[in-house]
Amino acid sequence: SQTIHQWPATLVQPVGSPLSLECTVEGTSNPNLYWYRQAAGRGLQLLFYSVGIGQISSEVPQNLSASRPQDRQFILSSKKLLLSDSGFYLCAWRVTYNEQFFGPGTRLTVL
Amino acid sequence: AQSVAQPEDQVNVAEGNPLTVKCTYSVSGNPYLFWYVQYPNRGLQFLLKYITGDNLVKGSYGFEAEFNKSQTSFHLKKPSALVSDSALYFCAVRETEYGTDKLIFGTGTRLQVFP
Chain A
107 SQTIHQWPAT LVQPVGSPLS LECTVEGTSN PNLYWYRQAA GRGLQLLFYS VGIGQISSEV
167 PQNLSASRPQ DRQFILSSKK LLLSDSGFYL CAWRVTYNEQ FFGPGTRLTV L
Chain S
-10 AQSVAQPEDQ VNVAEGNPLT VKCTYSVSGN PYLFWYVQYP NRGLQFLLKY ITGDNLVKGS
50 YGFEAEFNKS QTSFHLKKPS ALVSDSALYF CAVRETEYGT DKLIFGTGTR LQVFP
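From first to last, the protein sequence lines are chains A and S. If you read the first sequence in our numbering, its first letter stands for residue 107, the second for the next number, and so on. If you read the second sequence in our numbering, its first letter stands for residue -10, the second for the next number, and so on.
Derived from the structure by calculation, the hints contain no laboratory data. Note that this is a predicted model, so its numbers are computed, not measured. A portion of the hints provided could be inaccurate.
As the list claims (entries may be wrong) - To list a few chain S residues with every Cβ distance to chain A over 12 Å, as calculated: (1) -5; (2) 0; (3) 6; (4) 7; (5) 27; (6) 43; (7) 45; (8) 47; (9) 51; (10) 56; (11) 58; (12) 71; (13) 98.
Said to hold, decoys possible - Derived DEER-like restraints, expressed as beta-carbon distance ranges: (14) 51(S) - 179(A): 20 to 28 Å; (15) 121(A) - 42(S): 18 to 26 Å; (16) 164(A) - 30(S): 43 to 51 Å; (17) 71(S) - 190(A): 46 to 54 Å; (18) 40(S) - 179(A): 24 to 32 Å; (19) 18(S) - 175(A): 15 to 23 Å; (20) 145(A) - 50(S): 22 to 30 Å; (21) 188(A) - -10(S): 21 to 29 Å; (22) 51(S) - 177(A): 32 to 40 Å; (23) 5(S) - 133(A): 34 to 42 Å; (24) 18(S) - 177(A): 45 to 53 Å; (25) 190(A) - 31(S): 40 to 48 Å; (26) 5(S) - 124(A): 25 to 33 Å.
Even glycine gets a Cβ: it sits at the ideal position worked out from N, Cα and C.
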């Protein structure tokens, strides 16, 4: 069966520090992968999506970046975190008929 | 551009009563519509979808949604609410940009079911 992992589950980082969040999926190949951010427990903002290895599309220009070094690995990064980067980060992959399956999320607090 | 609107920030309902969480959409072409639920500090869970076919779609945990083309709505319903249904609910529509399958989410509606 398909599974999606995210780590770390929670993270507290100082302003200006780097960031690396990892997402991996199991049980599928060549999935479409997505990074979302949820602020203040409400709406989701699509940050990046990827349709294949090395293929990244950015939805919102900001100080975050994404990479897909392997078929089932999707990484969200930043060189210098801002206070506004705090939030709940969700990774997702497309299942069938366009529904997406979400990982457990990473809660990032920037102090 | 595709979009969905959830006009209610919060819906309160007593346990055992029917519940409705509203969603309206704006799309070009045929809509692909979804409902997701989120429990505190968790990822989103898929509830149901409308792609084509019957306007009444049945999903997980006893939820259903009615697609209404003339009113451009896709309201989520349940005949008898449970306290455990209390959560954040998101309506979403598929972006039609080919091959990306991006979902555009509403702002969410918090459902509170009181015992």
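Hint-by-hint comparison with the structure:
1. With a least beta-carbon separation of about 9 Å from chain A, residue -5(S) fails to lie farther than 12 Å from that chain, contradicting its non-interface assignment.
2. Under the 12 Å C-beta cut-off, the non-interface status given to residue 0(S) relative to chain A holds; the minimum distance is some 14 Å.
3. Consistency note on residue 6(S): stated as away from chain A, and its beta-carbon is indeed over 12 Å from all of that chain's, at 25 Å minimum.
4. The claim that residue 7(S) lies off the interface holds: its Cβ sits roughly 25 Å from the closest Cβ of chain A, which is beyond the 12 Å cut-off.
5. Listed as outside the interface, residue 27(S) is inconsistent with that label: its C-beta sits roughly 8 Å from the nearest C-beta of chain A, within the 12 Å cut-off.
6. The non-interface label for residue 43(S) is consistent with chain A: the shortest C-beta to C-beta separation is roughly 15 Å, beyond 12 Å.
7. The Cβ of residue 45(S) lies farther than 12 Å from every Cβ of chain A, with a closest approach of about 18 Å, so its non-interface assignment holds.
8. For residue 47(S), the non-interface assignment is confirmed: its Cβ lies about 15 Å from the closest Cβ of chain A, beyond the 12 Å cut-off.
9. Every CB of chain A is more than 12 Å from the CB of residue 51(S) (nearest about 19 Å), matching its label as outside the interface.
10. Against the 12 Å criterion, residue 56(S) stays outside the reach of chain A, whose nearest CB is about 15 Å from its own CB.
11. Separation of residue 58(S) from chain A is adequate, the least Cβ-Cβ distance of about 19 Å exceeding the 12 Å criterion.
12. Interface exclusion of residue 71(S) from chain A stands, the closest Cβ pair being 21 Å apart, more than 12 Å.
13. For residue 98(S), the shortest C-beta to C-beta distance to chain A comes to about 10 Å, within the 12 Å cut-off, and the non-interface label is violated.
14. Checked against the hint of 20 to 28 Å, the C-beta distance between residue 51(S) and residue 179(A) comes to roughly 36 Å, which is inconsistent with it.
15. Distance hint check: the CB atoms of residue 121(A) and residue 42(S) are about 51 Å apart, inconsistent with the given range 18 to 26 Å.
16. Against the hinted window of 43 to 51 Å, the Cβ-Cβ separation of residue 164(A) and residue 30(S) comes to about 27 Å, which falls outside the hint.
17. For the pair residue 71(S) and residue 190(A), the supplied restraint of 46 to 54 Å is violated, since their beta-carbon distance comes to about 37 Å.
18. The supplied range of 24 to 32 Å is met by residue 40(S) and residue 179(A), whose beta-carbon atoms lie about 30 Å from each other.
19. The hinted window of 15 to 23 Å between residue 18(S) and residue 175(A) is violated, with their beta carbons roughly 35 Å apart.
20. Residue 145(A) and residue 50(S) have their C-beta atoms about 27 Å apart, which keeps the hinted 22 to 30 Å range intact.
21. In this structure the hint that residue 188(A) and residue -10(S) lie 21 to 29 Å apart at CB holds, the actual value being about 27 Å.
22. For the pair residue 51(S) and residue 177(A), the supplied restraint of 32 to 40 Å holds, since their beta-carbon distance comes to about 37 Å.
23. Under the hint 34 to 42 Å, the C-beta atoms of residue 5(S) and residue 133(A), about 39 Å apart, fit the expected range.
24. Restraint check, residue 18(S) to residue 177(A): a C-beta distance of roughly 31 Å breaks the suggested window 45 to 53 Å.
25. Between residue 190(A) and residue 31(S), the C-beta spacing of about 23 Å breaks the proposed range 40 to 48 Å.
26. In this structure, residue 5(S) and residue 124(A) break the distance hint of 25 to 33 Å, their C-beta atoms being roughly 51 Å apart.
Hint check: violations occur at hints 1, 5, 13, 14, 15, 16, 17, 19, 24, 25, 26; the rest are consistent with the structure.
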